[in-house]
Structures are given as C-alpha cells and as structure tokens.
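A.B. asks: Put the complex together from the two separate chains, hints included.
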Amino acid sequence: MTSFTVSTAISSGRVQLVNVRQRLLLVAKARVWFVLAVFTFIALVAFCRIGWIGLSGEATGSQSLADALLPPRGEIVDRNGVPLARAFPAYALWFNPKALGDGPALVKSPAEVAAALVAIFPDEDQAKLTAKLASGKPQYLRRRIMPEDANRIHSLGEPALEFPRESERYYPQGSMGAHVLGYVSAEGHGRLGMEAVFDKQLTNPATRGQPAVLSIDSRVQGALEDELLKGMQLSNSKGAGGIVLDVDTGEVLALASLPSYNPNLIDQQSVPNIFNRVTNQVYELGSVMKPITVASAIEAGVVTDMAKRYPSGAPLQIGGFQIHDSHNFGASLNVPEALIHSSNIVTAQVADQLGGPRLKATMQALGFNRRPDIELPAGFPIWPRGDWARITTMTVSYGHGLALTPMHLASAYAALVNGGVWRPATLRRLTPGEVPAGKRIWQPSTSARMRQLLRMIVSLGTGRKADAPGFRVGGKTGSAEKPGAHGYQKTNLITTFAAAFPMDRPRYVVIAMMDEPQGTVATSGQRTAAWNAAPVVGRVVPRIGPLLGVMPDNTRDVDISELAPLIGSGDGE
Amino acid sequence: MMLTRTKARSIGWAAILGLCFAMTLALTFRVNAVRSQVRLTERKILALKTEKSLLETEFETRANQQQLRNLNDVEFGYQAPTAGQYLESERQLAMLGKPSGPNAPEPIRVASADPADAAQQSGDSILPAMVNPLTGKAIAAEVPRSADRAETAKAPETRAKASSAARLASAKVSGSGETLAERLGRVEHDGKTGSKVERLSHVERDPVLLKSAGDGKPRKDGKAAKDAKAAKPALAATQPAASKAATKPAAAKALAVNAPAKKPEGHSVTKTALKMAPKAPSKTRVALDE
Numbered sequence: 000m001t002s003f004t005v006s007t008a009i010s011s012g013r014v015q016l017v018n019v020r021q022r023l024l025l026v027a028k029a030r031v032w033f034v035l036a037v038f039t040f041i042a043l044v045a046f047c048r049i050g051w052i053g054l055s056g057e058a059t060g061s062q063s064l065a066d067a068l069l070p071p072r073g074e075i076v077d078r079n080g081v082p083l084a085r086a087f088p089a090y091a092l093w094f095n096p097k098a099l100g101d102g103p104a105l106v107k108s109p110a111e112v113a114a115a116l117v118a119i120f121p122d123e124d125q126a127k128l129t130a131k132l133a134s135g136k137p138q139y140l141r142r143r144i145m146p147e148d149a150n151r152i153h154s155l156g157e158p159a160l161e162f163p164r165e166s167e168r169y170y171p172q173g174s175m176g177a178h179v180l181g182y183v184s185a186e187g188h189g190r191l192g193m194e195a196v197f198d199k200q201l202t203n204p205a206t207r208g209q210p211a212v213l214s215i216d217s218r219v220q221g222a223l224e225d226e227l228l229k230g231m232q233l234s235n236s237k238g239a240g241g242i243v244l245d246v247d248t249g250e251v252l253a254l255a256s257l258p259s260y261n262p263n264l265i266d267q268q269s270v271p272n273i274f275n276r277v278t279n280q281v282y283e284l285g286s287v288m289k290p291i292t293v294a295s296a297i298e299a300g301v302v303t304d305m306a307k308r309y310p311s312g313a314p315l316q317i318g319g320f321q322i323h324d325s326h327n328f329g330a331s332l333n334v335p336e337a338l339i340h341s342s343n344i345v346t347a348q349v350a351d352q353l354g355g356p357r358l359k360a361t362m363q364a365l366g367f368n369r370r371p372d373i374e375l376p377a378g379f380p381i382w383p384r385g386d387w388a389r390i391t392t393m394t395v396s397y398g399h400g401l402a403l404t405p406m407h408l409a410s411a412y413a414a415l416v417n418g419g420v421w422r423p424a425t426l427r428r429l430t431p432g433e434v435p436a437g438k439r440i441w442q443p444s445t446s447a448r449m450r451q452l453l454r455m456i457v458s459l460g461t462g463r464k465a466d467a468p469g470f471r472v473g474g475k476t477g478s479a480e481k482p483g484a485h486g487y488q489k490t491n492l493i494t495t496f497a498a499a500f501p502m503d504r505p506r507y508v509v510i511a512m513m514d515e516p517q518g519t520v521a522t523s524g525q526r527t528a529a530w531n532a533a534p535v536v537g538r539v540v541p542r543i544g545p546l547l548g549v550m551p552d553n554t555r556d557v558d559i560s561e562l563a564p565l566i567g568s569g570d571g572e
Numbered sequence: 000m001m002l003t004r005t006k007a008r009s010i011g012w013a014a015i016l017g018l019c020f021a022m023t024l025a026l027t028f029r030v031n032a033v034r035s036q037v038r039l040t041e042r043k044i045l046a047l048k049t050e051k052s053l054l055e056t057e058f059e060t061r062a063n064q065q066q067l068r069n070l071n072d073v074e075f076g077y078q079a080p081t082a083g084q085y086l087e088s089e090r091q092l093a094m095l096g097k098p099s100g101p102n103a104p105e106p107i108r109v110a111s112a113d114p115a116d117a118a119q120q121s122g123d124s125i126l127p128a129m130v131n132p133l134t135g136k137a138i139a140a141e142v143p144r145s146a147d148r149a150e151t152a153k154a155p156e157t158r159a160k161a162s163s164a165a166r167l168a169s170a171k172v173s174g175s176g177e178t179l180a181e182r183l184g185r186v187e188h189d190g191k192t193g194s195k196v197e198r199l200s201h202v203e204r205d206p207v208l209l210k211s212a213g214d215g216k217p218r219k220d221g222k223a224a225k226d227a228k229a230a231k232p233a234l235a236a237t238q239p240a241a242s243k244a245a246t247k248p249a250a251a252k253a254l255a256v257n258a259p260a261k262k263p264e265g266h267s268v269t270k271t272a273l274k275m276a277p278k279a280p281s282k283t284r285v286a287l288d289e
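These protein sequence lines map, in sequence, to chains S and C. Just so we're aligned, residue 0 is where the first sequence starts under numbering that gives the first Met the number 0, counting upward by one. Just so we're aligned, residue 0 is where the second sequence starts under numbering that gives the first Met the number 0, counting upward by one.
Looking at chain C on its own, in the form it has when it is part of the complex (with noise of 0.2 Å):
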C-alpha cells in the first residue's frame, strides 16, 4: 500500500498526538499516585500524632502529682532543698574545696575539647590574647598565625613543630596568663590544628618537643615545677565541691569541666584520641609539665 505524503502526515500528527495523550494520562497517573501518597502519608502523621497525645496523656495521668507524691512518700522520701544546699557564686563554691592532703591520689584528668581554644586555634579568639610578660606583645604577634599556616601548608612537618614549640616556650614563661587546660598539657596533631586531648600521666614524653619546648633543657625545670604547682591545688579544691554541689544542677554544671570522671572513661577517651593520631610518632606533640 501506498503512502501518500498527505496521509504520512496525518499519521504523523495523530500519533504525535496520541503520544502527547498518552504523555498526559501517564503524567495524570503519576501526579494521582503521588498524591495518594501524600494523604496517605498525611493520614499516618494524623494517626501518628493522636496516638502521640494519647500517649501523653496516659503519662501525664500515670505520673500525675498525686501519683508523684506517693511514690516520693513511699520510696525515695526527697525533701526540698535547704538554704545550704545553694551556693551563690564561685566564690562559695571555692570555699567548699580542701586542700589535698599528703598521699592523696592524684586527680584524674580526662580528655575535653575547649571551644574557647579551638576558636584561638583557628584564627579568631573568644578570649582576649595572651601577652607574654617579658616582651609584652600578644602570643599572636610574636607567631604571626597566617604566616604559619601558610608555611604549615607547604612544609607541614617542619614547621608545626617549630611554631607549637615556639607557643610551648611562650605558654612556659607566660605563667599565670596561661589556662587551666594548657598548664595540664595537650596533644597536638599537626594535621588538624582544632583538635587537641589533655594528656594523662601515661602518656609517654617526647624528647624531641621537650628539647625544642625549654631551650634544650627538659620541662621539669624551676618555672614548669611552678606551673605544676599552681595546677594542682586549684584542681583539688574543685574535686570535693563537686561531690558536695552535686545536687544543684548549676553548680554541678559550673563544675563540668574541671570535674573529676571515673577513671575507665578517662583511659578510654584518650587512648581512642591517641589512636586517630597519625602513626609516625615524630608529628604527635606531647606537652608536659610534670
């Protein structure tokens, strides 16, 4: 049969259209089941959603204050707090503290990460900079940080050592302008500048940061002795005060921080943060002041 060109372009016109149909009625289908989709889904939130109020409900009835009551009656027996149980400021926290006494363990310190620290590691401080007493410039100023981290990038090795060194001696004769977390010493990975683990005693000494750190001398030397020396009692006056403010929430919140864990968490955290450390052991920085 004979194809005229007429009839070849009404067939192509009717299937054309046929297809643009057939397009439609799928396209139809599709926007119809999605839709389903969507009631249906929306039927299960309303389902989800009565049942989440019936739930609270029953709780709300369940541990309703009467409920409460009795079982505080029966089998705890908690009173209001009394007026020594509050403590006002920091001031009152700190007289709870003792000094530890001869033999008395050492306190056990745990990882932490300081957001105030990370953000001076990257560039801008929450904290007003620390000055080095004896040239009375900022630590900032002294290390110029882009500098550093330009050069970090091109001969990483090299130069992290040199410029936590150069922090480490600044940190050493800085004293008391130091915090808490420096003078109980980090690790530092030279491929992330932000994180850092407070050190345990079993963490080994790198004799090569130690050399670099204290002009060739080790760090026990007189200042560091000092450093150590005003760590410790202010960490121990914090330890039984916390045992004491457990019971008030901001205190105990106030304490977090500086609070002594158990001692298993204590190993285990710092032991995974020793593990993500790189291999080679000459870019692990070990600061120590013991």
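Bound conformation, chain S alone (with noise of 0.2 Å):
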C-alpha cells in the first residue's frame, strides 16, 4: 500500500526531493519483495496442507479406527472362519473400599451386602465374600459376570462394588474342542494348546488382527466329542478319546479327549481333565497294529498269497512265553481271517517271518520311535530299543510291548490307506500349496490290499458296528489289557477302533478309543472294542460323512470278491 503512495509521490514531481524519492523508491521496493514472500510462504504453506490433507488425511483416520478393533489377543477360528476363542470385554466385580472417601467401605454391613450378592450368584460362599468385605482390601470379588447381574448389583445402591469392563478370553463353543484350545492364564499368556502354540502370533500386535486357524471342523469336532461322550456312558468308561484326520493332507479336523473342561472356567475341578489322553498318553493299543504288520509283510514280500494258511489251533510256544488267541479259530486260519478274527497268533507267525529289523524299520518310518508330529505337547511312546528279540518282533506284531499315543496311530492309518504315503499330523489349516509331500512307507498295491482288508472286517468281522451303511467304512479293533503292577489287568482295557472312509477312495481316518470301559447293558456285557470304540465310529462317520463331502452310497464298495472266498466263519475279539 505505502508502494501507492510513493508513486503519487513521483507523480508530484517536486524535483528538490530527488533523494528522498529514491530512499521512498527503495524502501517501496523492499516492501513490495516483503508483501510477496509474505504471501509466497502462505500460498506454499497452504499448498503443504492441502497437499499433505490429500496425502494422509484418510490414511490416519482408517488408521485410528483399526487400531481401536485391534483386541488385545488375536482369535481362534475353525478351517471355516467359526471362531473358537475371542477377547470379549466381560464385566468384573471389583470391591474399590476408597469409592466412598475415608469412611467406612460399605453403606450398610459387610454381612448384608455378602447375603444380597449370594441372592444374586447362589455358587457363592457368603462367609468368604464377608470376610473380604470386612477386609477393606481392593479386590476382585468375582470375574465375568452377566450384564443383568450387574444391573442388580448396581441396584444395591452400594459404590464401592464397581463393575469395570475388562477383556477376558471367552470360548463360546464351551468345552468343545477345549484340549485342541487349551487355555489362558490370567497374565493373558497362552497355557496348553494351540492357545500356547500361537502365543507369540496372538499377542504380537502386527499379526493379531488376524485370526489364527486351526485345521479343526468345529462341526466334525461336536459331532465327534458328542458320540465319543455317548458311547463313553453307554459303556461306563473312564475316559475317551477320538481323532478325524484327512489322510491326504494330515489335518486334525476333530480332537477330542474325555472328560473335559471348560477353558472358560478353570477350577480345581477342571484340573485332571486338562490331560490330554489323544497327545499325552502313551498306550498299548493291541491288535489295531496287525493291519501295520500284516502291510509291511505284504510290502516286503513275505506274505505274497493271500490264501496261504497259518497254523492257529495251539498256543504259540516261544522260549518261556505263550501267544493265545481270544478263543480257538480252529486249525488254520489265512491272513484276511486272521485280520477278521484278530488272530494273535496268526500275526506273530507272519510278523516272525517278517523278521524284526523290518517291522522296526516300517514302525521308525512311521515316527513310532519318537513323539506324534502334532503341535500340542506329546508322550513319549515305549520303544522297545537295541535289535528286537524274537518275541519282542512277534508280541509288537499284535500291539504289545509297543506304547503309543492315538495320534501315532491316526497317522499310521493314514498312511496305510492312502497310497502309503506317510505325512506329519497338523492342527494347522494347510492351503493347498502347503501340503507336505510326505515319505513314502507303502506301494499303493500294498495300501490298495490294505483297504480291502480293513474294509473286509468291517463288513465281516470283528468291526461289524461300525459299518454304517453306505459309508463304505473301513477299520480294525483293538482290545488291550492294561499294564498293573502285577502284569496285565484282564479287566482294565483299551479299547480302541481305528477306521477310515470311504474305503473306494478313503478320506478320513476315525479313530475311537475307550479308556477302562465296562460290560453294561448297552454293550451286552462285553467290553471289547467290537462293542463299545465301534459304535462310535459307526454312529460318528454318518454324521461327519456329508459335512465334509463325503455321500453315502450304497451302489459303491471297494472290491473285495477276490478276497471274499477265503473268508471261512466265526467271530473274533
């Protein structure tokens, strides 16, 4: 502006002011350059802005939003996206003494309040719950509590009992799955299961946006865990266990050990229930091995004809020891009626010839000599070291003297029915490209003579309750006598029955297995794995079957006629 005034100024023309009107022109020059950088670094500075709000104006506040749905552990989910285990902001009942300035805590006695908050949770102690009112220490007084029961505590008119929001782990589904889950301890750290095995991807801040995915089906996973139950009541077991594993990729799509617990409240009570029976127990899991043993002979060549007799009237003498059946099958018996029957003898004679550097190498390749390749924490199975005697060859043959988890079993069965070829169980969902290749243990002749086999006792023998129909089902059963302090207990069994289906193209293998269970009723006073472990796969497999693709069709079976003549009759263990 004073640059107009000098101007009127040179228009005057007053001629004597010649240096003032060049000190006016200068210092009009001056402000005129200060006038346009003035406005230069304000329209570069709102360019900045404008700039830098079109930059990152919407990336902060997607940022902003992400940040708070962040939780605070990442999710389970299921091979479908059901989730399995969330953060869930639940209502604690804390007892804040100071709410109320220095006076006493409570607006009326510890007594009343403690009687008012048992009307409320009945499970409550209300000696205990006084004692910590009276106490005048800040503390939990109870953890998850439902949004209704804090209206009514709120309705107590008494300040000091505050209901603040905390994120908890909840499980919705309960129990279900909950050795697959395990749980989390109060320091919000991962203690058992695939909780522990995730810990670090759960908590990690840049990774647990994500949910973490198990290979489980929770669908597979009830219908699994709700027979297992049944048939563990039915028979009066003290325990049970079950495992659905794809045989084409070694995903874990149900693991069930019983009795459970709920991960959403771990007691004292829950505590014995935490153990895994699946992973954590090493067991003597009988004649379920003879089909491992009668493969590896086919794959070795010493079995070559099926219809070949083995001697089956006597005990089997060996040094001091004897092999017995169940009962007498009569003088001889081939290898399928072996299998049907659950000869042990019949077994030991092949295993025998086997020879037992090669029965030990097929159980070395099939990872029975080290713990189960599963996530979870694992036993150690019992693997009878140095080379193998010749009753040690023959007693293992039929799943004696030989300690292993399910899982090693699952995946042997895997094996043995899906072309030979052994892979590592996961609880990981595994996209397609991840599969392993697996290492070859069996010719796919062998495994395709192995089908036939577990198909023909199944629809012949000793597995005849799990046969549902149109399933095409396929297994072997296994009674064992467990191990006391004074040899083997006659009465103390593990059952179990390990199958697969559809035995044309064989998916899934299913394993159940009993802990002590009884004779009942239900079971017609047997207590074999015929009537208690293969009900369950027989009840199980029609359930799960159409869930994961697999239709029941009765104009579809392997092809056993060539083996079907050989089959003489009688019943098995």
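Hint data in this document are derived by calculation from the structure and do not stem from the laboratory. Ideal Cβ positions, reconstructed from N, Cα and C, are used throughout, including at glycine. Check the hints yourself; a few may be wrong.
Quick list of in silico lysine-lysine cross-link-like pairs, BS3-like style, CA-CA up to 27 Å [as the list claims (entries may be wrong)]:
#1 K131/S <-> K97/S
#2 K107/S <-> K136/S
#3 K127/S <-> K97/S
#4 K489/S <-> K229/S
#5 K199/S <-> K48/C
#6 K48/C <-> K28/S
Cβ-to-Cβ under 8 Å is the rule here; a few derived chain S residues that face chain C [unchecked claim]:
#7 E161
#8 G221
#9 G524
#10 P551
Sample of chain S residues at the chain C side, in silico, Cβ under 7 Å [to be verified]:
#11 D225
#12 P468
#13 G469
#14 R542
#15 M550
#16 N553
#17 I566
C.D. replies: Structure, rendered in structure tokens:
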C-alpha cells in the first residue's frame, strides 16, 4: 500500500526531493518484495497443507479405526472361520473400599451386602464374601459377570461395588475342543493347547488382527465329542479319546479327549481333565497294530498269497512265552481271516517271517519311536530299544510291548489307506500348496490290498458295528489289557477302533478309543472294542461324512470279491 | 470526507484481504466441522462394530454345539441322513416320479421368468438355437430378429402380432425341440419383449391369435394335443419327486423350476402379471396348447 503513495509522490514531481524520492523508491521496492515473500510463503504453506491433507488425511482416519478394533489377543477360528476363542469385554465385580472416601467402605454392613450378593450369585460362599468385604482391601469379588447381574448389583446402591469392563478370553463353544484350544492364564498368556502354540502370533500387534486358523472343523469336533460321550456313558468308561484326520493332508479335523473341561472356567475341578488322552498318554493299543504288521509283510514280499494258511489251533510257544488268541478259531487261518478274527497267533507268525529289523524299520518310518508330529505337547512312546528279540517282534506285531499315543496310530492309518504316504499331523489349516510331500512307507498296491482287508474286517469281522450303511467304512478293532502292578489286568482294557472311510477312495481316518470300558447292558456285557469303540465310529461317520463331502452310497464299495471266497465263518475279539 | 484514489485503493486491498481471510476462516471451520463429523461417524462405526462382535459372540454362545445338541435331543430329534435320502443324478430323481393316475388333479403351473428365454428374446441366446425340422433352418433365420425389431418400432401392433404368430407356428411344428416353458404356453406383452408369464388354466383364449397361429385352425389340433401329452407326464413325474427329495437342497433346487407351488400363490402371481399387461386386449397374446 505504501508503494502507491510513493507513486503519487513521484507524480507530484518535486525536483528538490530527488534523494528522498530515491529513498522512498527503495523502501517501496523492499516492501513490495516483503509482501510478495509473505504471500508466497502463505501460498506455499497452504499448498503444503492441502497436499498433506490430500495425501494422509484418510490414512490416519482408517488407522485409528483399525487400532481401536485390534483385539488385545487375536482370535482363534476353525477352518470355516467359526470363532473358537476371542477377546470379550466382560464385566468383573471389583471391590473398591475407597469409593466413599475415608469413611466406612460400605453403606450397609458387610454381612448384609454379602447376603445380597449370594442372592445374585447362589454359588458364592457368603462367609468368604463377608470376610473379603470386611477386610477393606481392594480386590476382585468375581470375574465374568453377566450384564443383568451387573444391573442387579448396581441396584444394591453400594458405590464400593464396581464392575469394570475387562477384556477376557472367551470360548463361545464352551468345553468343545478344549484340549485343542487350551486356555489363557490370568497374565494373558496361552497355557496348553493352541493358545500356547500361537501365543506369539496372538499377542503380536502386527499379527493379532488376523485370526489364527485351525484345521479343526467345529461341526466335526462337536459330532465326535457327542458320540464319544455317548459311547463313554453307555460303556461306563473312565475316559475316551478320538481323532478325525484328513488322510491326504494330515490335517486334524477333530481331536477330542473326554472327560473335558471348560476353558472359560479353570478351577480345581477341571485340573485332572486338562490331561489330553490323545496326545499325552501312551497306550499299548493292541490289535489295531495288526494291519500295520500285515502291510509291512505284504510290502516285503513275505505274504504273497492271501490264501496261504497258518496254523492257529494251539497257542504259540516261544521260549518261555505263550501267544494266545481270544478263543480257538480252528486249526488254521489265512491272513484275511486272521485280520477278521483278530488272531494273535497268525499275526505273530507273519511277523516272525518278516523279521524284527524290517518290522522295526517300518515302525520307525511311521514315527513310532518319537513323539507324534503334532503342535500340542505330546507323550513319548515306549519303544523297545536295540535289536528286537524274536518274542519282541511277535508281541509288537499285535500291539503289545510298544506303547503309542492314538495320534501315532491316526497318522499311520492315514498312510496305510492313502496309497502309502505318511505325512505329519497338524492342527493348522493347510492351503493346497502347503501340504507336505510326505514320505512313502508302502507301495500303492499294498495300500490297495489293505483297504480291501480293512473293509472286510468291518463288513464281515469284528468291526461290524462300525459299518455305517453307505459310507464304506473300513477299520480294525483293538482291545488291549492295561498293564498293572502284577502284569496285565484282565478287566481293565484300552479299546480302540481305527477306521477310515470311504474305503473305495479314503478321505478321513477316524479313531475312537475307550479307557477302561465296562460290560454294561448297552454293550451286551462285553468290554472289547467291537462293542464300545466300533459303535462310536459307526455313529460318528454318518454324522460327519455329509459335512465333509462324503455322501452315503449303497451302490459303491471297494471290490473285495477276490478275497471274499477265502473267508470262513467265526467270530473274533 | 474526500477519498483520495490512494486511500480508496488501500481500502480496497484491505477489504479483499479481509474477505480472503474471512473466506479462509469459513473454509477452515467447514473443514473442521466435516472432520469432526467424520470422526463422529467413525466412532459410531466403531461402537457398532464392537456391538456387532458382541452380539455375534452372544449368538455363538447361545447357539453353541452343546446347546444345539440338547435342543435337538429334546425338541427335534434330527438324525443324519441315510443313503436312501441322497440322489446321484437327474436320472435317479426321475425314477422317483410316478405317472399321474386317472382323475388326478391338474398340476398347478406358476408364473416364472426363464432367464434363458429372456436372453433368447433379447437376441443373445445362451441355448443352442431351435431348428425347424421341416425347413432345417434355425427359427431365428426364418424370422430375422433385427428386421423384426426395426419393424416393430415402426408399426408395433401389426408387426408384433405377426412375429409372435410366426414364432408360435414354428414352435408348434418343432415338436420335441421346444422347451417345457413353451409347451406350457405363455403371455407376451408387445411393449416388453423380455416379460412373459406361463398361463394358468383360467386365462381366456385369444381367438384372433389362435387363428393366426394355427393357420386358421384352432390350436387344439393333433399336434398340439401331442405336445400337451408330452408335457403332462413330464411335469407329473417331477411332482412326487419334489416332496420326496425336499430334504436334499440340491435336488429341491433342481426342481424349483418346475415344482408346483401352493395354489393361491400361483393365482396371485398370474393376476398381477395380467394386471401389468396393456389394457387393450388385442395387444395381449395368449398362447395355448390345451
């Protein structure tokens, strides 16, 4: 603006003020430059600001939203995205004695308040609550209370009773899959199960936004637990375990150990049930090992003729030991008959011909000499070390003298039926590209023969109660006496049924195991696997088959016509 | 007071500067207002998302596997389907059907929009073209569609009458080559080529069309009767199958096209469809084959 006054001064034309005029011109120029600089600066700042808003305005917004939605601990979901564990803001009941200032903590007496609280939570101990309220120490009175209970406590009119919202780990499915999931301790770290395995991933802010995906299918898990529980109650068993495994990928679709516990409520009662029978405990699994022995013998060329008969009329005398059958099946049996009737004598002879080193090598390849390949903490097998004596080879061939977890058995059966390729079991969902190549244990021809034999055991032999119509189930029963202080206990059994379906193109292995089943009316007074474990598989398969894309079909089956004429009649273990 | 030029200019510049400043301020306020609105919305979204997740968790808890099992044990008693409840193919499905006995009720036909037919009408067919067995040419070749459309635009009434008559005539002689929907008949509207309604038995016949369609003869000639016979058992065969296979979604879905619905529904659909038709009766073409 001053520059314009200068211009008028120039126009006035006062000659005597040349110096003044020059000075004024300079000043004016300087001011123009100053104003120009200020405006340029403002324009620049404005442009920068516009640019910044344009570039980063949205990004900051979404960032804040994502941050706010980031759970304190990541979710665990099943293979179909069903949440199995998630963070849940639950109310806790907190006693704050300073809420009313320095005076008494409560309006009413502690005993009265405790009585009112017991009216809301009938399982609470009134004496303990009274002691807590009278102590004057800030503490939790209870965790995880329902909103309606919070409202009722609010209506008591005690400012000292606060209910802060706290993020807790919550398992919507309750006790389902508890042994797979594990639980979270009060410090917020995973204990046991996949909570412990995924702990880093679930707590890391960079990765906890994405849920951890398990290979478990919650529907299959539910069905397996249901039927195991039913079987356990019918046979009056101490416990039960079960696995459903994908034979082509090694993914575990369901893994159950009963009795179970509720991970939402870890207390003294649930401590003994936290023990996982499927992966932690090793058992002598008994006759379910016979197909593995027979497959090894077929693979090694020891059994080339299915019609070849082995003497079975008398107990086998080896050194000071005798190998018996459950009862006499006749003077001789061939291999299919031996499997159908579950003959120890014939299996021991087959193993004897096969020899210890070759049987041992197969079992080592199946991972029977190390912990099972699974993410969960697992038990170490009881594995006969050194060179196997003749009697060791024979007893191992029908599942004694070697203690395994059911998880070992599931992986081995998957290899037995899928064409002979063993893959480690996993509880992570695998994309098709992640499926391990596995290692070949048996030739596809051996596996095809085993599928026929396993199917025959179910259609004609000891596994008939597992024969779900249309699902082409094949499998083997196993009833092993539990070792006690004075040798094997005749009445305490571990019964197992290891099955796969559909046998014309196996997709899933199903294992059911009962711990110390009793003979009951429901099991016709029997306590062997054919009466308690096999029916569980027979009920589980029709429930899970359609869910997993295996439709029942009475017009299809694995062809057993070439072996059928070799079978006599009679019943086995 | 006299305003010099200089002063006026100064005041002018000051005013412009003030104006700019005021506008900047207003803009800033506006920006901040919008921003706080965004923040508010964001917070609302957040609250809703949290609530959604809470409700989801609650639902998962109330509908968890054990609860559903207990409910099923007490209330429903559903069991896993058996092999007999599954069908492998359309052939198995057809095997479930029975021919309709004497005095059996007429199958109820309902209105439907066949996407394949709609596509054919609009020119780009998704099905292979129907071939006239007499001439050996595609029907589209006999009645050039582009010319048909162009002329329809010029003289909609007369042209459409002729074209639909021609189509009907050719459909009649083509016999087994035509679709079930065509055998059942349909209502066509001149204005919209895509919309059509399969008719119910109570829809009245259009004598004008019947004349033009059947070379002056009524449609109830030998060929038409044959068509009707062919159509009836096919529909009847699917009817009992629908009820039997209702447990299997895939089968039910496959049947959905032809499955008879409840009577009132079918009537109401047709009625509304007819209401939508132009008022002049000559414009509504009703193809019949009964």
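A.B. asks: Against each hint, give a clear statement of whether it holds in the structure.
C.D. replies: Hint check results:
Proximity of K131/S to K97/S is assessed by CA-CA distance (about 14 Å); at most 27 Å being required, the pair is judged to hold. Between K107/S and K136/S the alpha-carbon distance is near 17 Å, which keeps this suggested pair within the 27 Å criterion. Proposed proximity of K127/S and K97/S is supported: the alpha carbons are some 20 Å apart, at most 27 Å. This hinted pair checks out: K489/S and K229/S have alpha carbons roughly 24 Å apart, not beyond 27 Å.
Distance restraint check for K199/S and K48/C: the Cα-Cα separation of roughly 26 Å lies within the 27 Å cut-off, and the hinted pair is therefore satisfied. Distance restraint check for K48/C and K28/S: the Cα-Cα separation of roughly 62 Å exceeds the 27 Å cut-off, and the hinted pair is therefore not satisfied. Among the interface hints, the one on E161/S is violated; its C-beta lies about 21 Å from the nearest C-beta in chain C, farther than the 8 Å criterion. Below 8 Å, beta-carbon pairs count as interface contacts, and G221/S has one with chain C at about 4 Å; its hint therefore holds.
The restraint placing G524/S at the interface with chain C is violated, with a minimum CB-CB distance near 26 Å, outside the 8 Å limit. Checking P551/S against chain C: minimum C-beta separation of about 4 Å stays under 8 Å; hint holds. The beta carbon of D225/S is positioned within 7 Å of a beta carbon in chain C (closest approach about 6 Å), and the interface hint is therefore held. The beta carbon of P468/S is positioned within 7 Å of a beta carbon in chain C (closest approach about 6 Å), and the interface hint is therefore held.
Taken as an interface hint, G469/S checks out: its beta carbon lies about 3 Å from the nearest beta carbon of chain C, inside 7 Å. Because the smallest distance between the Cβ of R542/S and any Cβ of chain C comes to about 5 Å, under 7 Å, the interface hint for this residue holds. The beta carbon of M550/S is positioned within 7 Å of a beta carbon in chain C (closest approach about 5 Å), and the interface hint is therefore held. Taking 7 Å as the C-beta contact cut-off toward chain C, the hint placing N553/S at the interface holds, the least distance being around 5 Å.
For I566/S, the shortest C-beta to C-beta distance to chain C is roughly 24 Å, which exceeds 7 Å, and the interface hint is violated.
Hints 6, 7, 9, 17 from the list above are not met by this structure, while the remaining hints are.
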